[in-house]
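Sequences are here, hints too, so could you generate the full structure?
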Amino acid sequence: MTLKAEEILNILKNSLGDALIEQEIKTYSLGALRKRECSEVWIKIDRGAFRKAVEEIFKLDYPHLHFITGEDVGENLEVIYSFGLFHGQPGKEISVVIKLALPKSELVLPTITDLMMGAETNEREIREMLGVEFEGLKKKRHLFLPDDWPEGKYPWRRDEFGVDDMIKHTHKSVKEIRGGKE
Amino acid sequence: MGKLYSFKRSLWVFHASGGSCNGCDIEIIATLTPRYDAERFGIKLVGSPRHADVLLVTGAIPRDFADKLRRIYDQMSDPKAVVVVGNCGTSGGLFYDSYNLVGPIDEIIPVDVYVPGCPPRPEAIIDGVVKAWLKIEKLEKQLEGGE
Amino acid sequence: MTKSQYYIPIGPIHPALKEPIRVEAKVEGEKIVEVDVKRGFAHRGIEYMGMKRNAIQALYLSERICGICSISHPYAFVVGSEKALGIEAPPRAQYIRTIIAELERIHSHILWLGVVAHEVGFDSLLFWTWKGREKVLDVLELISGNRINYSMYMIGGVRRDLKESHIKALKEMIDYYRIFNQEMKNLFLADPVYKARTRGVAQLSKEMALKVNAVGPTARAAGLRMDIRQDIPYDAYADIEVRGIVPQDIVGEVYGDAYDATLVRIYEIDQSVDIIEYCIDNLPEGKIMAIPNYVVLLSKIKRTKGEGIGAHEAPRGEVIHYFKYDGTRDGPAVWKVVAPSYNNINSWAPLLLGAEVADIPVVVAYIDPCMCCNDRIAVVRDSSGKIVDSTTLHRMAVEKTMRIKKELGVKE
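Residue numbers (the working numbering), protein chains in the order written: chain A, 1 to 182; chain H, 1001 to 1147; chain B, 2001 to 2412.
Because the hints were derived from the structure by calculation, they are not lab data. Be aware that one or more of the hints could be misleading.
As the list claims (entries may be wrong) - Just the calculated beta-carbon pair ranges, DEER-fashion:
hint, chain 1, residue 1, chain 2, residue 2, range
1, B, G2200, A, G74, 48 to 58 Å
2, A, E78, B, N2186, 50 to 60 Å
3, A, E37, B, N2186, 52 to 62 Å
4, A, E22, B, N2186, 24 to 34 Å
5, A, E37, B, R2199, 37 to 47 Å
6, B, K2287, H, D1074, 20 to 30 Å
7, A, I21, B, I2174, 51 to 61 Å
8, H, R1035, B, E2207, 38 to 48 Å
9, A, I25, B, D2326, 19 to 29 Å
10, H, Q1142, A, P150, 30 to 40 Å
Treat the numbers as computed from the prediction; the structure is a model and nothing was measured. The C-beta atom is built at its ideal place from N, Cα and C for all residues, glycine as well.
Take a look at the structure:
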C-alpha cells in the first residue's frame, strides 16, 4: 500500500508538531510524449526532533537511503538527508528530504546505523568531510581520505578549516589566468 | 624512426593504476582481445614488477600512491622503460586543482613514452609500447657494447 | 585448527591488473571469520573541484568519474540540473538520451560477463565475450566519435543528432545482439559446471539487501523489485513501462546468489535491445537542445536559484546527484555524487563471512565493483607475514572449478 506526498506530509506534521520549521511539496512532470507526475517532500526540522522524524519514516515503509550531504553556510552547517519510500512500486516512489541546521559550536547528531546498517558509509564520509560527530557510530577510521590526513582540515568547509591551501595546480597557466586569487 | 629491427624476444609489461577513472585501463585490456591482439607481437602482461621490462602507468597520482610508484619503479631491473597512458598522467588532465593529487607522473619517476588521449585508442597504446620496446633494445645494445 | 591471518587482494580484472582495494579478512583453515574493507586510495576530490567550476565544466568532470559507466553520471547530472533550474529538454533529445544510455548498459553487462568468466576459469569465454562487445563500441563511435567518454549530453538536451546512417547501423546491431545473447544464455546459464560453481556462492537474502542499502542488479538478484526506471520514470522510460527484472519472474524462485546475478544481467541485455528498438521506431522530430547558446545557458544558471535531485539507473545500480544553485555563480554551490558501488560494497562484509577463500574472486566480482567510483587497495598477507598475491588467489579459484568439473564427470 502506498501513500501520496500530502499524506506523508500530514503524518510528519502530526508527529513533529512545532519542530517542523519549513515544508514544501515539489512536483515535476517528467517524460517525453506522455508526462508523468513525480513528487518530493522537502522539510526543514529542528535538530532535536531528528531521531523522531527518522523513526516515523521507518514506520511507513523500510526506506532506501539516497544520500547524506551538507553545506557550510557561515554560522551553521546545514545537513541534508534523503530517503526513498515505497521503492519497488512502479511510478510511486516518493523521496523525503530532511534538512537540519547545526551550529558550528555543537556538531553532534545521533546515528541511524542501528536502524540501517548501510548508513555507516555515508556517516563516515560526512564525519571526515565536514567534521560532524555521530554518537553511537562504531567504526571511525578514515574512509576516503588517507590515514595520515592532517587534523582539522575538512574539504567541504568554506572557513578556516577548508583545504584551499592544500591544492596543487598542475598547469602553471591556471594560477596565472585566475590572477592568483585562489 | 630508424630501421625497424626484428624483435629478438617477447616483452613483459606490468600495469600500475594510480587513481585513474579506469577508461585507460579498459582500453589496455582491450588491446589483448582478439580485435587488436597485442599478444601476436609477443607482448604479455605479468603480475610482478620484478619480471617486467616495461611499466604502464595510468591516472593522476593521489598522495599516498607516490611512494608505492617509486618502489615499483625501483624493483624493476635494467633495461627498463616507462610508458604513461592517458592525459591524467601526462599533464594532470581534467584534475588540475585537486587537494589530493600530486600531479603529472614525470615529477615522480622518469618517463620514456607519453600516449595522450582521454582515453587513447588501443592502436595508439600498442604504438606507444612498441616505441618503448625499440628504446629498450637500443639500451640493451649499449649495455652489451659498453661492457 | 590453527588460525591464520589473510589479507586479501580483491578486484583484479586480469591477473596482472592491480586495482587498489584493501579487504582484511581473518581466516580459519578455508573459511573466513572476520572482514573489514578500507577504501580511499584513489580519492580525487571531484565534488570539491566541481563546486569551483561552472556547470558545463562540472558536467565534463562528472563524465570522468568512471570510465565504464561513463554516461550514467552525466545523465543524472542533466536530469537533476533540469529539475533544479526549470529547463525542459525537447522530446527528440530525451529519446536520444535513452538510446545512448541503453547502449552503454549492453557494453557494461558484456564486460562483466567476461570478467566473471575469467574469475571462474573460463578464459576463452573472456576473449569471446569481449570480441562481441566491439560491435556496440563501433556503433557508439559512429554516433558520438569516441569509444569511451562520449560527451553527448548537455543541460537541456543533447549535442549531436542521430542521422539515417546511424539508424541503419543501430538496426544491424540489434539483429546481431539478439543472436549473440541467445548464445550467451546457452554458454552461461545452461552449462552445468558454471551452475555448480556459482549456485550458493555469495548468497544475499532480501532482508540483508535492504539493510545494507544494496542497489541495482545486486538487489534485484536478491528478489527486491528496485529499479529507478520503474519507480521514478523519466525521459523515454516514462512512455515505455519498464519493469525491473527479478529471478522470480523468469524461473519462479530466487536464491540471491551469483547464478541469479548472471541471470538478471543477461536478461537485462535483452531488455535493452528491446528498448532501443522501440525508441528508434518512435523517434519524434524536432530540436535537440532547449537553449543552444552556451553563453545564454550559463547566464540563466547564474540568475536561478534552485535545488534538485537527479537519479538514473546505471548498469551497476542507482546513481544520484544532488544540486543546489544559489543564484550567485554560474555553477553548483553544493554538489553530491553517490555512485552505485558506494553502497554495494557494504555487501562484501556479510557475503564473505563463512565463504571459502577460493570463492573470494567470485564474491568480489558479483557486485560488479566500479573501482574508480570508489577506490580501494588490496593486499594479502598470511599469518607469517608473507604476502599472498592475487595470482595465487585466482589460481585457487580456478582449481575449485576443475574439482567441480571432475565431480560432475564433464569431459574436456
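Each hint tested on the structure:
no.: 1; hint: G2200/B <-> G74/A: 48 to 58 Å; verdict: holds, 55 Å
no.: 2; hint: E78/A <-> N2186/B: 50 to 60 Å; verdict: holds, 55 Å
no.: 3; hint: E37/A <-> N2186/B: 52 to 62 Å; verdict: violated, 43 Å
no.: 4; hint: E22/A <-> N2186/B: 24 to 34 Å; verdict: violated, 58 Å
no.: 5; hint: E37/A <-> R2199/B: 37 to 47 Å; verdict: holds, 43 Å
no.: 6; hint: K2287/B <-> D1074/H: 20 to 30 Å; verdict: violated, 58 Å
no.: 7; hint: I21/A <-> I2174/B: 51 to 61 Å; verdict: holds, 53 Å
no.: 8; hint: R1035/H <-> E2207/B: 38 to 48 Å; verdict: holds, 44 Å
no.: 9; hint: I25/A <-> D2326/B: 19 to 29 Å; verdict: holds, 22 Å
no.: 10; hint: Q1142/H <-> P150/A: 30 to 40 Å; verdict: violated, 46 Å
Taken one by one, the earlier hints fail for this structure at numbers 3, 4, 6 and 10, listed in ascending order.
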